[in-house]
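A.B. asks: Numbering (this note's numbering), first residue to last: 1067 to 1171.
Simulated from the structure, these hints should not be mistaken for laboratory data.
Note that CB positions come from ideal geometry on N, CA and C, so glycine has one too.
Be a bit skeptical, because a hint or two may be false.
Stated by the list, open to error - Quick list of the computed label-pair ranges, beta carbon to beta carbon:
| id | residue 1 | residue 2 | range |
| --- | --- | --- | --- |
| 1 | 1107 | 1163 | 18 to 26 Å |
| 2 | 1168 | 1122 | 43 to 51 Å |
| 3 | 1122 | 1075 | 19 to 27 Å |
| 4 | 1152 | 1111 | 51 to 59 Å |
| 5 | 1169 | 1111 | 56 to 64 Å |
| 6 | 1121 | 1083 | 36 to 44 Å |
| 7 | 1113 | 1148 | 44 to 52 Å |
| 8 | 1092 | 1164 | 49 to 57 Å |
| 9 | 1161 | 1121 | 18 to 26 Å |
Stated by the list, open to error - Below, simulated DSS-like cross-link-like pairs (lysine-lysine); rule was C-alpha separation at most 27 Å, straight line:
| id | residue 1 | residue 2 |
| --- | --- | --- |
| 10 | 1112 | 1126 |
| 11 | 1137 | 1112 |
| 12 | 1143 | 1126 |
| 13 | 1126 | 1152 |
| 14 | 1077 | 1126 |
| 15 | 1093 | 1077 |
| 16 | 1137 | 1150 |
| 17 | 1112 | 1086 |
| 18 | 1086 | 1098 |
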Amino acid sequence: MADTYLPPGFKKCKSCQQVKPFEQFGKELKGKFGLKSKCRACISEKNKTYAAGPGAEVKKQNNRTYQAENKTELAEKMRVKRAKEKFGDRYNSYLASLESMKKLK
């Protein structure tokens, strides 16, 4: 049982220990009341700290290097992704029509 009474529609953040309304918590099916245990402000602060932490520059440099070395593969992945988004369920028929056009050339 909780130590203190919380009014309906409010929850205590596990990080900052403040009582806040449900609207300030993100959704999580497994959490109490279907909400996360930490408020959005605390999660945002944690994410900012992690992103600016040690290794942030190394990660950026590794991403740049990978993108430079694998430019054609990444372009192909994006082409396929855009085609799937555009054609949806008809993507396979789109590929078949491309193959038939290649055979005609």
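A.B. asks: Each of the hints needs a verdict: does it hold here or not?
C.D. replies: Outcome of the hint check:
For residue 1107 and residue 1163, the hinted distance range of 18 to 26 Å is not satisfied, since their beta carbons lie about 51 Å from each other. Under the hint 43 to 51 Å, the C-beta atoms of residue 1168 and residue 1122, about 45 Å apart, fit the expected range. At about 38 Å, the beta-carbon gap between residue 1122 and residue 1075 misses the expected band of 19 to 27 Å. Checking the proposed 51 to 59 Å range against residue 1152 and residue 1111 shows it is violated: the Cβ atoms sit about 39 Å from each other.
Checked against the given bound of 56 to 64 Å, the beta carbons of residue 1169 and residue 1111, roughly 58 Å apart, stay inside it. The hint said 36 to 44 Å for the Cβ distance between residue 1121 and residue 1083, and at roughly 30 Å that hint is violated. At about 29 Å, the CB distance of residue 1113 to residue 1148 disagrees with the hint of 44 to 52 Å. The hinted window of 49 to 57 Å between residue 1092 and residue 1164 is violated, with their beta carbons roughly 42 Å apart.
Distance hint check: the CB atoms of residue 1161 and residue 1121 are about 40 Å apart, inconsistent with the given range 18 to 26 Å. Using a Cα cut-off of 27 Å, the hinted pair residue 1112 and residue 1126 holds, with the two alpha carbons roughly 19 Å apart. A threshold of 27 Å between alpha carbons decides the hint, and for residue 1137 with residue 1112 the separation of about 33 Å lies outside it, so the pair is violated. Restraint check for residue 1143 and residue 1126: satisfied, since their Cα atoms lie roughly 21 Å apart, inside the 27 Å limit.
Restraint check for residue 1126 and residue 1152: not satisfied, since their Cα atoms lie roughly 30 Å apart, outside the 27 Å limit. Annotation: proposed proximity of residue 1077 to residue 1126 is violated, straight-line Cα distance about 37 Å (limit 27 Å). About 13 Å separates the Cα atoms of residue 1093 and residue 1077, which keeps this hinted pair within 27 Å; it holds. Distance hint between residue 1137 and residue 1150 is fulfilled; the C-alpha atoms sit about 20 Å from each other, no more than 27 Å.
Between residue 1112 and residue 1086 the alpha-carbon distance is near 18 Å, which keeps this suggested pair within the 27 Å criterion. As the CA atoms of residue 1086 and residue 1098 are separated by approximately 14 Å, the hinted pair is consistent with the 27 Å bound.
Taken one by one, the earlier hints fail for this structure at numbers 1, 3, 4, 6, 7, 8, 9, 11, 13 and 14, listed in ascending order.
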